[in-house]
Structures are given as structure tokens and as C-alpha cells.
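Can you make the complete structure from the sequences, with help from the hints?
Those protein sequences? They're chains Z and R, same order as listed. Under our numbering, the first residue of the first sequence carries the number 1, and numbering increases by one thereafter. Under our numbering, the first residue of the second sequence carries the number 1001, and numbering increases by one thereafter.
These aren't lab readings, by the way, just hints derived from the structure by calculation. Do not take every clue at face value.
As the list claims (entries may be wrong) - Here are a few chain R residues that face chain Z, going by a calculated C-beta distance under 10 Å:
1. T1304
2. A1371
3. I1372
4. L1376
Claimed, not checked - A few chain Z positions that, by computed beta-carbon distances, are all more than 10 Å from chain R:
5. S3
6. A9
7. L36
8. Y49
9. I77
10. D84
11. R87
12. A104
13. S122
14. L127
Keep in mind it's a predicted model, so treat the numbers as computed, not measured. Note that the Cβ used here is the ideal one computed from N, Cα and C, for glycine as well.
The lines below spell out each chain.
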Amino acid sequence: MGSLLPLIAAQAIWWWRDPASPRPVQWWLVAATVVLGTAYLAVMPQWRYRVHRWEVTPEAVYTQTGWFNQERRIAPIVRIQTVDLTRGPVAQVLRLASVRVTTASSAGPLAIHGLDHDLAVSLVEQLTELTVSDLGDAT
Amino acid sequence: MSDPEFRRLDARMLLVHPVQEAVRLFPALLAVFVTGRTSGRSPWWDVAAFIAVVALGVSRWFTTRYRITGGQIELRTGLLNRKLLATPADRVRTVDVTAPIWHRLLGLARVEIGTASGTPSERIVLDALAAPIAHALRAELLHGKEIRASDAGLVGPEPTSVGTGSESLLLQLDPRWLRYAPLTTSGLLTALALWGFAVQFIGAVTGPIEAAFDQFRAWGVWITVIVLVSAATVWVALLAVTAYVLAYWDFRLTRHPGGTLHTSRGLLTTRSTSIEEGRIRGVELAQPLLLRLARAAHLSAITTGLRHAEPGGGAGVAPLVPPAPQQVSIDVGVAVLGDPEPLRVALVGHGPAARRRRYVRALLPAVALAAIAGFLEWRFDLPLAATAVGFLLLLTAPFLAADRYAGLGHTLLEGYLVTQEGSVYRRRVALQRDGIVGVVVRESYFQRRAGVATVVAATAAGRQGYAVLDAPAPDADRLVAELIPQASDFRDG
Chain Z
1 MGSLLPLIAA
11 QAIWWWRDPA
21 SPRPVQWWLV
31 AATVVLGTAY
41 LAVMPQWRYR
51 VHRWEVTPEA
61 VYTQTGWFNQ
71 ERRIAPIVRI
81 QTVDLTRGPV
91 AQVLRLASVR
101 VTTASSAGPL
111 AIHGLDHDLA
121 VSLVEQLTEL
131 TVSDLGDAT
Chain R
1001 MSDPEFRRLD
1011 ARMLLVHPVQ
1021 EAVRLFPALL
1031 AVFVTGRTSG
1041 RSPWWDVAAF
1051 IAVVALGVSR
1061 WFTTRYRITG
1071 GQIELRTGLL
1081 NRKLLATPAD
1091 RVRTVDVTAP
1101 IWHRLLGLAR
1111 VEIGTASGTP
1121 SERIVLDALA
1131 APIAHALRAE
1141 LLHGKEIRAS
1151 DAGLVGPEPT
1161 SVGTGSESLL
1171 LQLDPRWLRY
1181 APLTTSGLLT
1191 ALALWGFAVQ
1201 FIGAVTGPIE
1211 AAFDQFRAWG
1221 VWITVIVLVS
1231 AATVWVALLA
1241 VTAYVLAYWD
1251 FRLTRHPGGT
1261 LHTSRGLLTT
1271 RSTSIEEGRI
1281 RGVELAQPLL
1291 LRLARAAHLS
1301 AITTGLRHAE
1311 PGGGAGVAPL
1321 VPPAPQQVSI
1331 DVGVAVLGDP
1341 EPLRVALVGH
1351 GPAARRRRYV
1361 RALLPAVALA
1371 AIAGFLEWRF
1381 DLPLAATAVG
1391 FLLLLTAPFL
1401 AADRYAGLGH
1411 TLLEGYLVTQ
1421 EGSVYRRRVA
1431 LQRDGIVGVV
1441 VRESYFQRRA
1451 GVATVVAATA
1461 AGRQGYAVLD
1471 APAPDADRLV
1481 AELIPQASDF
1491 RDG
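As C-alpha cells, then:
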């Protein structure tokens, strides 16, 4: 939904500021936005939810994200440098949280979005415990 | 040991700092002067602004102090925001000693210390010390040689000079390599930058330009094109040779028995970089198309703690060989890695799906461009030459695709991941497997349909991530399993 808002806002401003509205091309744009936006909202969240998975073992952390373009990320526990827990405003209302695991490389941070808050807190504790004894981040 | 005193930068910087501040604040100074002229304000304001800038520069000398205690480097800076930066000496990965022309005239050198974290705010910059002290400081930081504050004024010859110490010379610039300079892109980039600068003043020189256009009309189209193209080529080549000389003059690569590699180079601005050898995570052999046709290449080290924006290198990439014959680059790479295999081994190709993707990805934009050109020709009756340019890409695209596929490959050796890609900018990367801290597998919708995946090996060094492009899915899975043995539980993915 967030990615659709700027599109809708831009069209609303056009309607409001352009004295010649409504032009035919504006109606076509509205129709395209409604059709494609509905399809996007119907398909993307489910597809994404179906793809998303994560797993933590004593050896490694693993995430799979995306929908049209997908990504799998794996980091061995021994290489983990930081574990963060973040909660945006919407996530707070829904009692959700995200866990972000970073390594020494800026190319490979792992993010697990939309976790239940209590689960996220225990996951962070678990990861912190696993990583605390390990040194050697290959820098 | 007792804590040594905090030391100041070299007193000669009292001359350089105000100039540096003036350059940095030049827009603000200009604004003060211009508004002063137009508003008829007292000229004392200009003097006050000038004094303020000088005072700011001088204050930097008074507020910057550093010291090296037992295991720690400490830097105090700041006039209003006092800041203390401390870094354990064993986190030092690289030491860069740079001397721009002003510094050299005054016998100074700037020391930049790159640490493991590599974030700019944690870099320690000492701008500047007397050149001998700077070189001694480097030796101390990298080889643990003690220099006491009391000795600092009378340190011996710099450790880079030939004959002192037991450094072994790995490479020295051969002036004949200058012939490769016009084949690099640095000349083109410089020319574009100069052009962008010159365009702003083009309104002031309409006279000569009109004269030139008259000349072009007299010559006709073909002669004009030939003259312009050859003039541009010569101009770009000259710029490229200049850039090469400025950057790489007197290039030397040496190996210190204490376990560091050391490069020094530069004509006006000299720069010497020391890299802890144990921290080198691999090398990158780069062959832009023109260099490749001339059987030349340049080589960089993949390491942490560097931040250069240099021709042919991004962050964390230190040049080890300037554009030079391919064999020279490979030989140096073998010497640095201590292993002949990664740069010489034959790579595993990525199969028919990857080849198809190369063709599709090269041809699609070319076809689109040709279609647009054809449409414009049909609708607006463009000159045929303009349309021909639109179709030019279509002619070169198949060759590009074939060459991109021919260069694509990877292999996994005992100690290294080797990956190669590209046509216009082909590069082979040999990355130490010990340095890989994670793996990212990328699959777009079309990649999944084609049954290929891109595996990115994440590392703390160099470009942070090195990709194996479009490997067949089973190969990609095998690669992940071998790079991260801990991930074997995830096979069900």
C-alpha cells in the first residue's frame, strides 16, 4: 500500500491543480491505477508471505525474502557482529517487531520482518547468547 | 610503560591549514566579497572574514593532538566540539601516507590510518606530520617498532628507500606501460569533466566558435566528422597519459618481511600505502575491453580499511599493478596470493541458460532502441544517419552477449572462490574463503524460470560483496553449501 500512495497523491494533485481537468488521459491513469493497484494488493502480500521464511540454528541464521525477485541470505553465527530489534509505529500497534542481524560486510545483513514481538525479543536473546562466545569476524 | 605526551601536528601546517580552510570555505568567502561590493559595505568586513578563515585554520593546529600509548592510538580534535578518537593499534589494517604538492614543498606528509571497521568517522587522519616522522609512524603502527616521542625529531631515513631493510621489490613501473594509458577510461572521464567545466564559459567565447562553424561548413560533413573525432581522440589520449603519469609515476610495490605490502606512487601528489598482508582477502584482475584487446590488465588488492576513489578501484581496493601487460599483473597476483592457481585456473562455465540470458539482456535494449529509431524515422523522417546510430547497437549486441558469456564463470578452490564476469569491464576476483562472512542468493522471477541464481559472497573487504552471476541452480546450491558449511541444515529451503 505504501508504494501506491505517492502515485495516488501525484494524480490527486494533478486533478486539483490543472484547470483543464478532467482530461481523458487522467481518466485512463485512474483506471490503470485502480486495476493494477488492486491486482498488486491482491497478489503481492500473499506471494510475499508465502516466500518469507527464516530459521536460526546453533550454527547459522537463514532468511528468505521477496516475491518477484527473491533473496536467500545465510550468515554463520560465528560471523555475526550485531543483532538489532526495531519496531516502527505500525509494527507497535500490531505488536510486531523486526530483527536485523549484521556481519562485518555491508553486503550481507539479514532482516526478519513482521515477527511477533515476544518471539522477536527471545530470538534476539538467543542470538546474543550464541554470538557472545565467538570472536573472529574476518575483518 | 608510561603514557607519552600528546603530540601536535607539524608546526609547518600553520602555513597549510589556513589555505586549506580558505579552499574549503571558498563559496562563503566569495559570497562575502560579492555582497560587500554590491552593497557598498565597509571593506573591513572582507578583512574580518579573511582573518576568521585564517584563525580557523590556525586553530586546527592548536586543537589537534595525538599520541600512541601501549596499545592504542588516540586523536583529539575539535575547537567547539571536542572529540577524542581512540583505536586499538591491533585494529590497524592499512596506513596511507599522502603528500600533495604543497605538503611536499614543505616536507610534510599526511597519515591516514584505516582500521578494521572502515567507517569514515573512525578513520584517523593526521594532517600533517614531517615526512620522516610520518614514515616512522607507519613502520611503528604496522611492524610494532617502537619510536619514542623524544626520538621523533631525529628519525632516520624513511623505511621505503632502497637498500635499507630487507624489503623485496615485487614491481616497478616500466615507462613503456604508458602506451596502455590511452586504453583506460581515465582520459575520457577527465575529458568529460573538463568539458562540463568549459561549457559554463562557452557563452564568453562565441567568436572563435562561430569561426569554427564557418570552417566546418567549408569542409563538409565527412571531413568535419573525421577532424573532430581524431582531435577528440588525441585530446583524450593525452589526458589519459597525463592521468596515468600523475597517478602512477614511480610506482613501486614492495613486500616487507614484517608482513606488509607497500606501494608508493605519484608524480605531484605522492602516495604510499601499506597493507597488512594477513588482511588481504584476495585480488581483483581487471581487464576493460580495450586493455584486454591489448593483452593488458590491472590488479588490485581486496582489503579492509581503505577508502580510495581511484581509477579502477572502489572503496577498499588498493592498486597493486597499474595498467600493464597481463602477464605482469598475473605474476604479481600470484606472488601476492602465494598461490598460482586462482588467477590461472580454467573456470567452470554457467551453461546454456546463462548464455541465453546474456543474449536476451544484450538484445532487448538494442531492439527497443532500434524500434524507437525506426518509429521516429517513419513518423518524422529523421536523417538516415541518426537512424543508423539507433541500429548500431543492434549490430554490436550479439558480439557483446557472446563475449559476456565467454567471460562468465567461477570455480571453488581449496582456499579461494574465483569468479569472473563482464565484457566491457571484465574482471576476475579471487576471494579468500576465510574472508567470506555470509552468502546472499538472488533470484529474480526470470532467473527462477531459467533455472539460474546469482550467489553473492559477502565479505568485509573491498566491494563488500562479490557475485557469481547466473550460476545454474544446482551449482549455486552446491556453492552455498561449500562456502557456508554450517548451512547444511537449510537444504530444504
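Against the structure, the hints come out as follows:
Checking R/T1304 against chain Z by beta carbon gives a least distance of about 5 Å; that is within 10 Å, so the hint holds. With a cut of 10 Å, the hint placing R/A1371 at the interface with chain Z is violated, because the nearest CB-to-CB distance is about 22 Å. The criterion of a C-beta within 10 Å of any C-beta in chain Z is not met by R/I1372, whose closest approach is roughly 21 Å, and the hint is violated. A hinted interface residue such as R/L1376 counts as satisfied when its beta carbon comes closer than 10 Å to some beta carbon of chain Z; here the least separation is about 22 Å, so the hint is violated.
A cut-off of 10 Å between C-beta atoms confirms that Z/S3 is not in contact with chain R; the least separation is 18 Å. Consistency note on Z/A9: stated as away from chain R, and its beta-carbon is indeed over 10 Å from all of that chain's, at 28 Å minimum. Residue placement check: Z/L36 keeps its beta carbon more than 10 Å from all beta carbons of chain R (closest about 17 Å). Listed as outside the interface, Z/Y49 is consistent with that label: its C-beta sits roughly 17 Å from the nearest C-beta of chain R, beyond the 10 Å cut-off.
Look at Z/I77: its CB is around 7 Å from the nearest CB on chain R, not clear of 10 Å, so calling it non-interface is violated. Listed as outside the interface, Z/D84 is consistent with that label: its C-beta sits roughly 16 Å from the nearest C-beta of chain R, beyond the 10 Å cut-off. Distance check for Z/R87 against chain R: the nearest CB is about 25 Å away, which clears 10 Å, and the non-interface claim stands. A cut-off of 10 Å between C-beta atoms contradicts the statement that Z/A104 is not in contact with chain R; the least separation is 4 Å.
Separation of Z/S122 from chain R is adequate, the least Cβ-Cβ distance of about 20 Å exceeding the 10 Å criterion. Here Z/L127 stays apart from chain R, with its beta-carbon at least about 14 Å from theirs, past the 10 Å limit.
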